[in-house]
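Undergrad: Using the sequences plus the hints, can you model the full thing?
Protein chains: 6
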Amino acid sequence: MSHKIVRRIQRPNAETIKILGSAGVATVHEAQGRSGLLRPYMRPIYPTARVAGPAVTVSCQPGDNLMIHASIEVCHPGDILVVVTTSESTDGMFGELLGVSCQAHGIAGLIIDAGVRDTAELATMSFPVWAKAVSAQGTVKGTAGDVNIPVVCAGAMINPGDVIVADADGVVVVPRETAGQVAQASEQRIAKEERSRQRLRTGELGLDFYGLRAKLVELGVEFVDEDTKTAGR
Amino acid sequence: MSHKIVRRIQRPNAETIKILGSAGVATVHEAQGRSGLLRPYMRPIYPTARVAGPAVTVSCQPGDNLMIHASIEVCHPGDILVVVTTSESTDGMFGELLGVSCQAHGIAGLIIDAGVRDTAELATMSFPVWAKAVSAQGTVKGTAGDVNIPVVCAGAMINPGDVIVADADGVVVVPRETAGQVAQASEQRIAKEERSRQRLRTGELGLDFYGLRAKLVELGVEFVDEDTKTAGR
Amino acid sequence: MSHKIVRRIQRPNAETIKILGSAGVATVHEAQGRSGLLRPYMRPIYPTARVAGPAVTVSCQPGDNLMIHASIEVCHPGDILVVVTTSESTDGMFGELLGVSCQAHGIAGLIIDAGVRDTAELATMSFPVWAKAVSAQGTVKGTAGDVNIPVVCAGAMINPGDVIVADADGVVVVPRETAGQVAQASEQRIAKEERSRQRLRTGELGLDFYGLRAKLVELGVEFVDEDTKTAGR
Amino acid sequence: MSHKIVRRIQRPNAETIKILGSAGVATVHEAQGRSGLLRPYMRPIYPTARVAGPAVTVSCQPGDNLMIHASIEVCHPGDILVVVTTSESTDGMFGELLGVSCQAHGIAGLIIDAGVRDTAELATMSFPVWAKAVSAQGTVKGTAGDVNIPVVCAGAMINPGDVIVADADGVVVVPRETAGQVAQASEQRIAKEERSRQRLRTGELGLDFYGLRAKLVELGVEFVDEDTKTAGR
Amino acid sequence: MSHKIVRRIQRPNAETIKILGSAGVATVHEAQGRSGLLRPYMRPIYPTARVAGPAVTVSCQPGDNLMIHASIEVCHPGDILVVVTTSESTDGMFGELLGVSCQAHGIAGLIIDAGVRDTAELATMSFPVWAKAVSAQGTVKGTAGDVNIPVVCAGAMINPGDVIVADADGVVVVPRETAGQVAQASEQRIAKEERSRQRLRTGELGLDFYGLRAKLVELGVEFVDEDTKTAGR
Amino acid sequence: MSHKIVRRIQRPNAETIKILGSAGVATVHEAQGRSGLLRPYMRPIYPTARVAGPAVTVSCQPGDNLMIHASIEVCHPGDILVVVTTSESTDGMFGELLGVSCQAHGIAGLIIDAGVRDTAELATMSFPVWAKAVSAQGTVKGTAGDVNIPVVCAGAMINPGDVIVADADGVVVVPRETAGQVAQASEQRIAKEERSRQRLRTGELGLDFYGLRAKLVELGVEFVDEDTKTAGR
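Here the protein sequences line up with chains B, Y, H, V, E and D, keeping their order. With the first letter of the first sequence counted as 1, position 176 gets the number 176 in the working numbering; the numbers rise by one all the way through. With the first letter of the second sequence counted as 1, position 215 gets the number 215 in the working numbering; the numbers rise by one all the way through. With the first letter of the third sequence counted as 1, position 212 gets the number 212 in the working numbering; the numbers rise by one all the way through. With the first letter of the fourth sequence counted as 1, position 15 gets the number 15 in the working numbering; the numbers rise by one all the way through. With the first letter of the fifth sequence counted as 1, position 101 gets the number 101 in the working numbering; the numbers rise by one all the way through. With the first letter of the sixth sequence counted as 1, position 20 gets the number 20 in the working numbering; the numbers rise by one all the way through.
Please note that a few of the clues may not be correct.
Pairs involving identical chains hold if they fit within one copy or between any two copies, as the list cannot separate such chains.
Straight-line C-alpha distance at most 25 Å; calculated SDA-like pairs for lysine to any residue [claimed, not checked]:
1) Lys141 <-> Ser2
2) Lys18 <-> Arg43
3) Lys4 <-> Met157
4) Lys141 <-> Leu205
5) Lys215 <-> Asp225
6) Lys4 <-> Glu204
7) Lys215 <-> Arg195
8) Lys18 <-> Gly33
9) Lys4 <-> Lys141
10) Lys18 <-> Thr124
11) Lys4 <-> Pro175
In short, the hints are calculated from the structure, not lab data. Just so we're clear, the structure is a prediction, and the values are computed from it rather than from any experiment.
TA: Following this line, the structure appears as structure tokens:
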């Protein structure tokens, strides 16, 4: 039942974060072997929201944002707050005032497996948030929690200092230890995809150059000219 | 089983409505003691939708919009239609033609715990709607219901003449009887928040000026420099 | 367990498709007797997305997009891909590269009862997609499926060659056999709605010119001036 | 923001409660004009659970059961606790120890729009509970709430002293003021249904003795011997 | 917009139905190539419910059970009612009186993509029902619908006369045209599974006798004795 | 993208497991500081299901049960399979034949964040399963995954060898490293609860002996004899 706030965490290399952020969620998720994606219910509050940075994790009682307040002073510029609750909640635990405080400390964004409010103001401030819900429901400040412990956020395991990448497609987490390799793999994937893009643009079929036509044959899929059974209703 | 349409309701003071509307949902919800918020599944059909006004309530059979048609003539300019169904439904009970009719009678907006359609047209007309779903599903006009009776809408109790405030954060209801006090409390809250905003902008921590640091100590939350346990995967 | 790809399907008349597309989802759904609407969880990835065209249907294993690759070469310009999975899934089975390939073959849009990714890129390309979820979750290419068989998509029965109409209100399917009649009925409905719009704009009530006032009486709905019961909380 | 515990409430007549309880949820709901039903997600924790009694209402912060503890001393034997939270929660706010305490005070059952735990023990004790979820998630005791104020529970408005009727079909609330009439109407309905049951048992059709055949004709439903269109897949 | 009741449908062979019913849902679903399963939200109202028979299909307006009444006289003994609504609904469209009427006409069970009520009474009568929800919510009888047209029920396409098989695992539909083949394939599968069961009981591994060990190697899955990375929290 | 099967894991003490299992989910969850609970959607397939044991973890592609087959030979008697998928799925990945195989190897139960089938047969065999869904949907065996890596299951982080405790209230995980302490704390809690139970049975109030009456005063909750506001509808 003991709770703690961990002041110092290890952060990944800034260049690595930059590469991952520019690669984007879908590419990074593929580059690390289709892992680390948060559940698709995590949506940005404005369509152009896009961010990458190290995670500072926060675990709260549902309906209580005390630990978010407690987390701000341990953040470094560029960090991303990752907030979870000990059971499911959609309460609006974060609003414009906390956004102002975050920006004053250089915090780059928020991933919250709960609700957010003052979304219009946060969008105007360009403070990017990915949340489960938009809700004005206010919260109390009465129960202990933790800062910078490993958490499960929207189905993904996140350790403090892991890289968070978030854009219109959602949110992915990259473990700090493998971030460098994943950044490299992401760049390779981008190069490869650019070659595929060129070929697809000319009308060439993925079916052919990914070798899938043979796969269809192997699986016994039959090509027929017309469906002989009468379709109907 | 008897149903009725109540023609005359009491409405709150216009100035009160104006103050509440300009304060917005999150502030008003806090100002009245964190009550009156509708469930967060109620979303605006366009991001800049924002309205405040007295509720004219409508209770319908699911899939049947007869009573919406019946409600329009009892509305006054500035009123907001609040539509509920006797069991859950996402059918598109309201569309552009009803929007045209509403605007012709000065109705300021719609809160519907069901579906809405013609959303592109309604957005173009600047007729704000908060709904549970966007659905083109058409409805019949065959079953009796009520106008201007107390209703439960998206989890909140709403009496005719209560003030509805709605914006990007959702929808809140303020009882007519306490609207004046809540408007006053909202103004005070805005002033207080502005003072907090100034301090937060300079980097001061909410943790300090809300006195939460003492709370953490009281709750036994420990500050540690580093997590001695090896995190991993 | 045998699977097939049907190369040739019958398509409806281009003029019919054009009329249905310009009428839009809500009108077409009403014009064919309030049928054919897909579940309202099917949402466009950008607000101005709008399309109409013949369906090329694709049935996939969840988490496997092999058959989408297989479907592209049987499409004609103007066709719309309709993708379903054999059990529920939100995986991102379609992204920007497939979008490029689709556009190279003139495919006009995608209806997918699963997830989509690279939504920002697809919006920039103006490739319209209606999906159940936005998800970067990658997929494999290992299990057989079918192209151009009858499918159930988001609760609606769709045969290859049926007309898909999709806009901000959702997606509706019109059987190929009755598409001509429905197009005609849609035009009539538009004309009739324009007449209603004119009358509603002047403040006339639908209650009166749809004859609903008599209906209220028949149903025993009572008009009262004031609610004599004290409302309260 | 002020909170209160109301000690004295008016309760309905014991005979009325007995009649309503023996009539059951479906009959009572129909007898009062198809109103008062709680959302169908409210399920009993064991199949034979069945109860009727006056409501003592409790409003709690999500994840906090302080006010349940506070409510027990204001209950009379036969009362039913009706517990709601100020925003959605599935936490297990009530378990076996509270059940023991309730039974010591003669409380007849629990309706909770949140979670319950120790369900095996509660079933063994024959303490009936209708809940939104079964969850062992523990709760704190730190935030004020209210006892015996009007609440919205699972979509229904409930005042203290209203009659709760609950069985395998769910939960219905009957306003205290009209409970006597509804009890009478329930008895009439039971008698009428018994007559229908006798006729249906002999093979007579509801279509005939409810006069629905004429309704079908009026609505233009056509009887055809065979579907001339070829059904298929 | 025209609606019809089709009196005569073709039914499959009784022996075929018997075989499919005794094979059960999981076996039949596999035997026909993993197709025809209804969504898993369709649950039996009592655990031992089990039935097989030809489908008589019914399409209703949500919240309106007129067409269920209209369907009973076209049923033959052994038939199963399959009820859908034109948009999603959980209303309790079917209860004990309709169950009595069904049993008087030899109807063997009900599949309803909506709600059911009087579940305790229906269980006592041994009238098996698979439904989306248990709800006492009553319905009206005012809008036309259809009997014995192709329908989509819980995501599956069902034609009148198709075989419905339902048990504790859910509901599967077998097209009438292929029911004989599927019955045969089901019997073969049962025999094959019995041989597997014998081997598994002795401790033999499916990994070996299904040849999956080679598959793991082919996919590059590595066997390691211990995880060298330190797991932690 | 590399996948592995870890053959050897550390398991907790048998006596510790026995104590945790007999304490049950709610007690263990409290004893470890209200942590480790899986989401409440994880439900037992029969009401008396109850089990405790070390976790063998399995990560699968959705709709693919290859890795479940691969996991059986690394299990020891008493182990519990914990199965997750890389994205959400309700497919029936586990049925009676796998249950027979598990029992032949002494496996004590299954926790699966997906679907299960043959539930009647598994109940008859007394093989306890907690699952997200009951579904007959069959699966393929074509994509690599992992055995005995850390996983997130229904929102909880689980390492191989952690203790799983499951009963009618759901599922809780206890980290192997702290299992001994949690077992001890559970025993203390049981003793303390027995003392509370004795007092509650006599009618003493938790409000008094937990000291909550003072808390109510501190929070400003007011006791009033009657609600002076007129409640109504």
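Undergrad: Would you mind marking each hint as holding or not holding in the structure?
TA: Verification of the hints:
Taking CA atoms no more than 25 Å apart as the test, Lys141 paired with Ser2 passes in both settings, with 17 Å inside one copy and 17 Å between copies. For the homomeric pair Lys18 and Arg43, the shortest alpha-carbon distance inside one copy (22 Å) is at most 25 Å, but the shortest distance between copies (32 Å) is not. When the C-alpha separation of Lys4 and Met157 is checked against a cutoff of 25 Å, the pair qualifies both within a copy, at 19 Å, and between copies, at 19 Å. Taking identical chains as interchangeable, the C-alpha atoms of Lys141 and Leu205 lie at most 25 Å apart only when they sit on different chains, with a minimum of 15 Å there against 57 Å within one chain.
Within a single copy, Lys215 and Asp225 get their C-alpha atoms as close as 20 Å, which meets the 25 Å cut-off; across copies the closest is 34 Å, which misses it. In this homomeric assembly, Lys4 and Glu204 come within 25 Å of each other (Cα to Cα) only across copies, at 22 Å, whereas the closest approach inside a single copy is 57 Å. Within a single copy, Lys215 and Arg195 get their C-alpha atoms as close as 22 Å, which meets the 25 Å cut-off; across copies the closest is 31 Å, which misses it. In the homo-oligomer, the alpha carbons of Lys18 and Gly33 lie at most 25 Å apart inside one protomer (20 Å), although the nearest pairing across protomers, at 39 Å, exceeds that limit.
When the C-alpha separation of Lys4 and Lys141 is checked against a cutoff of 25 Å, the pair qualifies both within a copy, at 16 Å, and between copies, at 21 Å. In this assembly of identical chains, the alpha carbons of Lys18 and Thr124 lie at most 25 Å apart whether taken from the same copy (24 Å) or from different copies (23 Å). Taking CA atoms no more than 25 Å apart as the test, Lys4 paired with Pro175 passes in both settings, with 22 Å inside one copy and 18 Å between copies.
Going through the hint list in order, the structure satisfies each hint without exception.
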